[in-house]
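S.K.: Using the sequences and the hints, build the whole thing.
Quick note, the sequences are listed as chains A and B, same order.
One rule links them: number in the working numbering = place in the first sequence (from 1) + 84.
One rule links them: number in the working numbering = place in the second sequence (from 1) + 3.
No wet-lab data here; the hints were simulated from the structure.
Keep in mind that the hints are not guaranteed to be accurate.
What the hints assert, rightly or not - Cβ-to-Cβ under 10 Å is the rule here; a few derived chain B residues that face chain A:
#1 A287
#2 E310
#3 S311
#4 A317
#5 R319
#6 R324
#7 S344
#8 K436
#9 A438
Stated by the list, open to error - Lysine-lysine pairs mimicking DSSO-like chemistry, simulated, CA-CA at most 30 Å apart:
#10 B:K466 - A:K400
#11 B:K413 - B:K457
#12 B:K350 - B:K364
#13 B:K457 - B:K350
#14 B:K457 - A:K400
#15 B:K466 - B:K413
Beta carbons: idealized from backbone N, C-alpha and C, even for Gly.
Below, each chain spelled out in residue letters.
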Amino acid sequence: MSTAAFEFGPGDFERVATERRTQTLSRPSVSYWQDAWRRLRDNRRALISLWIVIALAFFTLAGPLLWRVDPAAQDLDQVSQAPGLPQVAAIVEPYASWAGLRATPLAAPAGTPATAPTGLSLVEPATTQAVRLAWDPVPGATGYQLYRNIYDPDPDGALGLPVAEILDPAQVSFEDRLDLEPVRYWYSVVPLDATGAEAGEYATLAVDTTRVISAAEAETLGWIEDAGTVAVGDEIVLPYHPFGTDYLGRDMLSRLMYGARVSLFIGVVAPLLFVVVGIVYGSAAGFIGGRVDQLLMRFADFVVALPFLLFMILFKIAFGIGPGESGIFPMLVALVLLAWPATARLVRGQVLQIREEGYIGASQLLGAKTTYLVLRHMIPNTMGVILVTLTFAVPSVIFTEAFLSFIGMGVAPPTPSWGSMSNEGLRTMLTHPHELIFPAIFISVTVLAFNLLGDGLRDALDVRMRGQE
Amino acid sequence: MAEQQTNGITADSPGAAPARDPLSSVAIRQIALLAIAATVGFVLLMAALSWASDLTSSSTTSVGAIDVETGTITLSLTQEPPQLDSTRLTDSVSGMILGHVMEGLLRYDINNQLAPGVAERWDIRTDGATFWLREEARWSDGEPVTAHDFVFAWQTAVDPATASQYAFIFYVFKNAEAINRGELPRETLGARAVGDLELEIEFERPVAYFDKLVAFQTYYPIREDFYLSRDGRYAADAVDLLYNGPFEITVWVHGAHVRLEKNEHYWNRDEISLNVIDFPYITADGNAALNLYRDGQIAVVNGLGAESLDQVLAERWPVRRYSDGSVWFFQINHREEHPTSNYNLRKALQLVNDPGELVYKVIQIPGYTPGESLFPTWLNGQNGLFRQEYPAPTVTPNVALAREHLEQAKRELGVDEIPPIVLLADDTPGASKQAEYYQNRLMQTLGLDIRIDKQIFRQRLAKAEAGEFDLALYGWGPDFDDPLTFGDLFASWNLNNHGEYANADLDAQVRIAQESTDQATRMAAFGRIQEILIEDVAIIPNYERGVLYIQDPRLRGVGRRVVGPDPDYSRAHIVAD
Numbered sequence: 085m086s087t088a089a090f091e092f093g094p095g096d097f098e099r100v101a102t103e104r105r106t107q108t109l110s111r112p113s114v115s116y117w118q119d120a121w122r123r124l125r126d127n128r129r130a131l132i133s134l135w136i137v138i139a140l141a142f143f144t145l146a147g148p149l150l151w152r153v154d155p156a157a158q159d160l161d162q163v164s165q166a167p168g169l170p171q172v173a174a175i176v177e178p179y180a181s182w183a184g185l186r187a188t189p190l191a192a193p194a195g196t197p198a199t200a201p202t203g204l205s206l207v208e209p210a211t212t213q214a215v216r217l218a219w220d221p222v223p224g225a226t227g228y229q230l231y232r233n234i235y236d237p238d239p240d241g242a243l244g245l246p247v248a249e250i251l252d253p254a255q256v257s258f259e260d261r262l263d264l265e266p267v268r269y270w271y272s273v274v275p276l277d278a279t280g281a282e283a284g285e286y287a288t289l290a291v292d293t294t295r296v297i298s299a300a301e302a303e304t305l306g307w308i309e310d311a312g313t314v315a316v317g318d319e320i321v322l323p324y325h326p327f328g329t330d331y332l333g334r335d336m337l338s339r340l341m342y343g344a345r346v347s348l349f350i351g352v353v354a355p356l357l358f359v360v361v362g363i364v365y366g367s368a369a370g371f372i373g374g375r376v377d378q379l380l381m382r383f384a385d386f387v388v389a390l391p392f393l394l395f396m397i398l399f400k401i402a403f404g405i406g407p408g409e410s411g412i413f414p415m416l417v418a419l420v421l422l423a424w425p426a427t428a429r430l431v432r433g434q435v436l437q438i439r440e441e442g443y444i445g446a447s448q449l450l451g452a453k454t455t456y457l458v459l460r461h462m463i464p465n466t467m468g469v470i471l472v473t474l475t476f477a478v479p480s481v482i483f484t485e486a487f488l489s490f491i492g493m494g495v496a497p498p499t500p501s502w503g504s505m506s507n508e509g510l511r512t513m514l515t516h517p518h519e520l521i522f523p524a525i526f527i528s529v530t531v532l533a534f535n536l537l538g539d540g541l542r543d544a545l546d547v548r549m550r551g552q553e
Numbered sequence: 004m005a006e007q008q009t010n011g012i013t014a015d016s017p018g019a020a021p022a023r024d025p026l027s028s029v030a031i032r033q034i035a036l037l038a039i040a041a042t043v044g045f046v047l048l049m050a051a052l053s054w055a056s057d058l059t060s061s062s063t064t065s066v067g068a069i070d071v072e073t074g075t076i077t078l079s080l081t082q083e084p085p086q087l088d089s090t091r092l093t094d095s096v097s098g099m100i101l102g103h104v105m106e107g108l109l110r111y112d113i114n115n116q117l118a119p120g121v122a123e124r125w126d127i128r129t130d131g132a133t134f135w136l137r138e139e140a141r142w143s144d145g146e147p148v149t150a151h152d153f154v155f156a157w158q159t160a161v162d163p164a165t166a167s168q169y170a171f172i173f174y175v176f177k178n179a180e181a182i183n184r185g186e187l188p189r190e191t192l193g194a195r196a197v198g199d200l201e202l203e204i205e206f207e208r209p210v211a212y213f214d215k216l217v218a219f220q221t222y223y224p225i226r227e228d229f230y231l232s233r234d235g236r237y238a239a240d241a242v243d244l245l246y247n248g249p250f251e252i253t254v255w256v257h258g259a260h261v262r263l264e265k266n267e268h269y270w271n272r273d274e275i276s277l278n279v280i281d282f283p284y285i286t287a288d289g290n291a292a293l294n295l296y297r298d299g300q301i302a303v304v305n306g307l308g309a310e311s312l313d314q315v316l317a318e319r320w321p322v323r324r325y326s327d328g329s330v331w332f333f334q335i336n337h338r339e340e341h342p343t344s345n346y347n348l349r350k351a352l353q354l355v356n357d358p359g360e361l362v363y364k365v366i367q368i369p370g371y372t373p374g375e376s377l378f379p380t381w382l383n384g385q386n387g388l389f390r391q392e393y394p395a396p397t398v399t400p401n402v403a404l405a406r407e408h409l410e411q412a413k414r415e416l417g418v419d420e421i422p423p424i425v426l427l428a429d430d431t432p433g434a435s436k437q438a439e440y441y442q443n444r445l446m447q448t449l450g451l452d453i454r455i456d457k458q459i460f461r462q463r464l465a466k467a468e469a470g471e472f473d474l475a476l477y478g479w480g481p482d483f484d485d486p487l488t489f490g491d492l493f494a495s496w497n498l499n500n501h502g503e504y505a506n507a508d509l510d511a512q513v514r515i516a517q518e519s520t521d522q523a524t525r526m527a528a529f530g531r532i533q534e535i536l537i538e539d540v541a542i543i544p545n546y547e548r549g550v551l552y553i554q555d556p557r558l559r560g561v562g563r564r565v566v567g568p569d570p571d572y573s574r575a576h577i578v579a580d
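M.R.: What follows is the structure, encoded as structure tokens:
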């Protein structure tokens, strides 16, 4: 194609309409906060953490409205129960004391060793109310030792717990009421010889107990409306404990919900308060600068050096928190008074940096007042840092609360807190692990969720950190 | 393929690690060097520390729970013995240790019967007693034990300067009470050495149970010249004690280790089979003790908690039990400014208390029995057991009646609500559990607000003495084998009557029990005391304590007893398996 022959004519030129637009927005306008939210949404870990935090808030605030169980109510018939299905109990007559059975002791020729008892049997069906056993007298026995096991004593003769020692040879019966559960027990009877020592021979009986309750008891505990509406032999469903019960039969789910109140309350309120203190202090130091800054920051260093635990104890005494009263308030005060320097340092650093920025100088030249500078430029520009500090402070405070309640400095019984529940669960860690595992999981998940959320927020709010892992 | 510098890690992560810039590889090298240096430094530091700790601790190597060849048994203590000075001692751990290294005039044998100790024979009259000491009794430095050593110890115990809490146990001696009040010099005490081997005692009043009294630990001898030579440090360390019992303390690392070895100067050394009783572990943690037992490090675990029973059953260890003789009850504050001084409130508390539920459902340890009285079931009465001769008045829980009494109490106190009631308890897991049970029980039945005041043992005792409580979970173990050890507890002058209960009728009965030598009269007085305590709700009984323990089957002949040092390993022996 040849171009040399082309000639421009007037028709080729057209007056262009004056266009004042100097730049075009190719995408919709996004504010800083919208951008941050978008970035947070893209961060899957942070988003999941956010949902967990929302779920926790729901669990704490709305949970007790839906699961109306008193966290202090003790269900002594279901102590240390593992999570499981609802339990059913048969209605029986109220407990009546039992005199037991007596028989004439049989003499034995001297030197004959005591034999194993015969006729070991149940006097009446075994229930969780009482197990009543009787046996035939053993010739020459001076008494009997009773054992109970939850495992079969055979083959090695591990008889289990010594539940009773009967020193009267005429007494040939035994009533067991000790912490009976609807399981199989192996009862063993060992006769005592003339010296009071156990003879080697024993008889064992396996007993399956059933869960029962008397109508009057069930009514007292509020499980049925009226004792008259049920008859002996009826079955009632006992209160359901989806997360099991603790060592006093208290509902774990309800205790976890109420415990979350304490943990989350202090976990949110304390950081809010000390972050505010830190912002005011830090921005004052950074903005004024010079000697005042030096003085203020040295004081902050001094506060960092103060021991938290000691102050916690001092406040507890100073506020006259007596025995058996909650230590949450002194804990809050101690946290606020001692934890602000970290925020103050961060804010001061930011303010020092922003103060030297060009736009601040420009604002000042245009006659901006100090208040305007602080409110319009300083605080909004440090907001990202502050929010991040806040989200990182929450888990550390929750952890502090758990620790203090664990060592008994926090809530007073019967108020639960995750820390105190862990402490109580620790004792039964090997036999009833659910009492420790549930509060421990809640502490861990909460702390992790807040940490990951804080991590995501930092990435989202700090543009320079974007994309860096 | 020579140029490909990938290693397994980077090759597995696609897209990672483009070319490393020289700066970061230098940094990585530096960090690696630092890490190696830090690790080496850490290892060296640990080695140095462990070498240093070897220097300070005794160099005993672990021999396991039982060593047949050397006659050594290894055990654990729940706490460091707080006080080994027999004149000041009050707690059971110190009592147990001292019971192995000291011997009084009389002692309890393996069947828990009184047996001659330093005294060979004795004669107890209504106005006094005479003890003849055995010639061969020796201190651990070889010197003979004389009557002067007993007189010196007893004078020191009643001396007001010693401030012994057990000074009252000498009040049967002539002038003892006056000396303890500072009215007479200590030399006027009614105990005198007639020569080296004869001890003459004068009574203030006739006493029916003196032989049982002299087996008590406050009656152990102390040699005067040794006591004075320690210059106020008597019993502060292993070398600051002189021993006349079957064992002597050879190692005492405070808070860590106590070691007892056979005393070669003990007069009855042939009866002692063990050579060493070692306590290299001091821990109050029941789980720690169980783990030590499982690992074969200790021979006995004492006082199993309810939470460890399932584990013990699963391990198929033989479990034994005995009653430690102590009685537990609510000590009630009767001072006027406390709401508990109101009879109707106390009655309401008594009527909602269900010791059976407490023992069977909350404590859950076999061996505990529901409490019905201040006097435990094992006490001997005139012919048989005291509680069979004088049954305790029965109290049946009755919530409706209790509420009536509560309303009456509110009217009398002029309040709409009873103010919060402070419940003082030990900070042990068991006591906390009971306190929380009662907190809920009293809230549920009477609507009472209970504040639990958990304190360590020493602090709990101090608060009880100062009267800073409304209710206190309190236990009392017997000092000597007579109902009086419980009977005089709530006399208005008794220092352990922390609630300041005062009842003229009860005081009169205590006087009768103390002064009469007729057992029938005395037992009748104790029966009346038992009635008053329940009827007037001076205390509310909770339970009698039992102890579950596991013991290495190779260890035999360990004495378990209600009165006196417990457990007693001094006459124990090892059987080879």
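S.K.: Could you tell me which of the hints above the structure violates, numbers in ascending order?
M.R.: Failing hints, ascending: 1, 7.
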